[in-house]
Each structure stands twice: as C-alpha cells, then as structure tokens.
Amino acid sequence: MERIYEILGTFRKAGPEQLRVDAPVPTPYAAVDPEHLHVTLTAGAAAHLVVLHTTEGTSELTVELAEGAQLELTELFTAGTFSEMTVHQAARSCCRMTTVLLSGANASYRIDLAGAAAENNLGGVFLLGGQEHGVVKLHTNHLVADCRSDSTVKGVAGGEATGEFSGLVYVAQDAQRTDARQQSRNVLLSERARIETMPQLEIYADDVKCSHGATVGQMDADAILYMRQRGLSEAQARRLQIEGFVGDVVRRCGAEPLGEAVLALAAEKLERI
Amino acid sequence: MLSVKNLHATVEGKEILRGINLEVKAGEVHAIMGPNGSGKSTLASVLAGNEKFTVTEGSVEFLGHDLLSMSIEDRARLGLFLGFQYPVEIPGVTMANFMKLAVNEHRKYRGEEPLSAAEFLRLMKEKSAVVELSSKLTARAVNEGFSGGEKKKNEIFQMAMLDPKLAILDETDSGLDIDALRIVATGVTKLHTSENATVVITHYQRLLDYIVPDVVHVLYKGRIIYTGDKTLALKLEKEGYDWLINEYDK
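Just so you know, the sequences run in chain order H and Y.
Mapped onto this note's numbering, the consecutive letters of the first sequence carry residue numbers 1 to 273.
Mapped onto this note's numbering, the consecutive letters of the second sequence carry residue numbers 1001 to 1250.
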C-alpha cells in the first residue's frame, strides 16, 4: 500500500470537489477518498485519473467527457466503500476504465455513450475472502449510433465471501451499429464462497453487434497438479493461477509502475483469501 | 536410483496397477511399452504423486527416500520429472515467471540461493536452445495457444531447466510430426548423462530410434509381463503385442 501512496504522491491532486482538464497531453491525477468529485475533460483533453477508496463511506463521482476527450480512469478499493460513478461521453470520446476491488466494496457504474463514435472500455476485478461481500454494478447505455463498449469483469471469491456482478447493456432505438461486449468471468476458491452474476442485454435497435457471457468455475485442478509437478507448492500454484486469471485486468491500469504495484497488492490479498 | 516393489494402485476403486516391479539405475534409459489401457500412464502418475490414484500395496524408493510418503512438489524437487502426455495450459502465467518460481523452489530444496535475474535469463536462453524453442514462446503464457509440437518441446525445455535425476516421459512422442519428434528426442538424448536416468513411455518404436533404451518393458493389465533389451521394441513394432499377451492370458 505504501508503494501505491508513493506513486500517487507524484501525481497531481484532483479535487476535492472539481477537476477540470483542458490539456491535450495526458497528465496523471489522483484522488483519495473523494466524497463528491466532478471531473470534466474539455474537447480534445486527455488525462489519467486514479481514484483510491480506503474508507467505509460513500463516494460519488461524475465524469463528463467532451468531444474527443480521452480519459484513463483507474479505481482501487481497499475498504467497504459505497461508490457511484456516472460517466457521460460525447462524440468520439474514449474512456478506458480499470476497477480493482480488494475489499467488500459496492461499486456502481453508469456509462452514457451520448455522442457518435464514443468508446468505453472497462476492466474490473474483485478479490474477496473471509466474509466479505463485494458488488460490481455496470449499466452501459448506448444512446446514439456508432458507439463501442467492451467490459470484462472478473471475480474471485474464497472463504465464505460472496460476490455479485450485475451488468446491463442498453441499446436505444436510434443507436444503430452499436458494438457492445460484456463478459463476466468468475472463479470460486472454496465450497462456501458464492458469486452471482447477472449479465443482461436490452436492445431496441436492429442493426447492432452485441455479445455477453458469464462463467463461474473452480480452480483448474490439472493446472495445479502440473505446477506442483514442477516443484511449486500448492499455495504457490493456486496463487499463480489466480494471478494469471486477474493479471491482465490488474496490470492494465496504465501509468506504470502503478499496474505492478496494484498487482503486488492483489497478490498480498490473495495470500489472505 | 528408483526401486519399485510390488506396486498396486487403484482409481475410483478399480485396480489399475497390480504388482509393478521396476529397478532403474543412474545412467540407464528404460522404455515402457504396452497396449492401451495397460496402466502405463497410471504408473507415471502414481510415481509423480497424482492424488487421483490410491496406492494400496507396495513400495517405491527414490534416491534413498520413501517416495510414496512425499508430496508431489517434494518428489519434483528431489529430482523426479514427469513429462505430461497432455501439458496443461495456464492462462495469464508466463513461462518465464513459472520457470523462475520452479527453478528457485528446486534450489531452495537443495539449500541453494535463488538465481539472480541475469543468471536466470542466461539459463533460459541456454536451455531453450536444447529443443530449439523460440524465445517468443518463453515470453508467452504457459502452453497457451502452443501447437502440439510446441507443448512437447516445452516439456523437454522445462526438463532441461530443472535438470532432474529421473525423467519419466509419458507419451512425449504422441501427436508429433517427424521434425518435432526429432527435435524432442534429440533434446532428451542431449540431457542424458551417466548421473541421471530416463523412463520413456511410448507406443511406438520410432521414438526409440533416437532415444536408445537399455531396457524395454512391456506393461499389460497392470503388470510388467516381459522385459528385454532394445531389440524387443523392434520385435514389438513388427509383430505387435499378441504373442506376449496370448502367452500371458493363457
């Protein structure tokens, strides 16, 4: 965790209430435990924003991307925060989101693709152990034509933890040529852990490309055996496998060395699951 | 090095190994042949410690240790390597990462310091040459998207990295084209010394053209029913198992 603070310390502070970015060259910003934060990127602006949640409180973020704006948004939860985020995207804007729950938080996202050719890409991970209860809610609205969205949320639950993913992709009648993908992939590490996943599509346009899918599985016993045969302990093999499962999402939180630091934190969490 | 005495093993209550006796000494190459379902892969799995199988009788001594009382990973660290018939894909775990952990676990078991990053990279480079494994593959996730031939090469590459005392290769030749077979088999031969031993489980003589065995065993219905020298494999290739099986079943 110290490493994360160290990295965020080199970023500019966002907020406490407002962040407005005009610069076209992406600058990294950080917000720690924001209660209400409104983020605006003006036309053509670019930024990288990291939001860290370390308290049990509530957090409300609203993000407004004007035409052609580009935002890389990373959220990390280490407490049972209740957070709501709304992202409003104008034409040709691009928002790449990564969210990592290392705690029983409740994270809700509403994404409005409101301008043609807007693009949203979301990668999420929740790692839950003990008696934690974690929730990721995702509501992606394709309101106009020619937008793209691609979301993958991966869940891992051990102990007696429960995880929940609910995802809705809504495609309005006028949102022709929508390209929307949503995936929910989950692994249970114990008999008593539970993950519920509810991916939904609601489509009113007729010329669209939409796909969604959900899986809930166990650890791959053959892979564990294989790794142990090469000399890894069972614990190491399990950890490596879960790291492999969530690593692609966790590592993508842009602006190195943040990705590796978050992965290290996730690995620590895995030791405790 | 390896001494198997009267080994019996079951899976789901069904007896697959029914009294295996096998002695392997350092410097030797043994081939185990036999018809499908005779228990060849089970023998390999039981020696490696696969918990799916239950040993009901017998003993196995490996380098002076009671092998059957050891965990899978300790058997591996002691120097037993199993080349899998179907190497497993592990998404998201890079070969380099995996091998680094494996090599260092072996070193820790022997009381040695872990390798530095530079030493490890040098070792990877040196050993991937043994089986002409492209460095691109070692940067990728373990076996993910590898062709059949690449997976088997990757097994031998890992064998080279871990430098086992005893390597059991379970149908390493299955699913290989002629070129891949030559590379894999030559790789195994290169790794063979007077200090280590190899047990090759195979259906076909063709692998044994490269890896010349000192001893050839025929496994049938969970027992070794015949043991001979390398000429036995040739005879089996030509005449099949019937002459042995008929004699045994009588």
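Please keep in mind that the hints were generated in silico from the structure rather than gathered at the bench.
C-beta atoms are modelled at their ideal positions from N, C-alpha and C, and glycine is treated no differently.
Possibly wrong hints are sitting among the right ones.
[Said to hold, decoys possible] Quick list of simulated restraints, FRET-style, between CB atoms: (1) Y:P1091 x H:D22: 39 to 45 Å; (2) H:D222 x Y:G1064: 26 to 32 Å; (3) H:G213 x Y:Y1086: 55 to 61 Å; (4) Y:K1125 x H:A43: 47 to 53 Å; (5) Y:G1145 x H:G217: 18 to 24 Å.
Hint-by-hint comparison with the structure:
1. Y:P1091 x H:D22: 39 to 45 Å: This hint holds: roughly 41 Å between Cβ atoms.
2. H:D222 x Y:G1064: 26 to 32 Å: Given range 26 to 32 Å: holds, Cβ gap about 31 Å.
3. H:G213 x Y:Y1086: 55 to 61 Å: Since the Cβ atoms of G213 (chain H) and Y1086 (chain Y) sit about 26 Å apart, the hinted range of 55 to 61 Å is violated.
4. Y:K1125 x H:A43: 47 to 53 Å: holds (50 Å)
5. Y:G1145 x H:G217: 18 to 24 Å: holds (20 Å)
The structure shown violates just one earlier hint, number 3.
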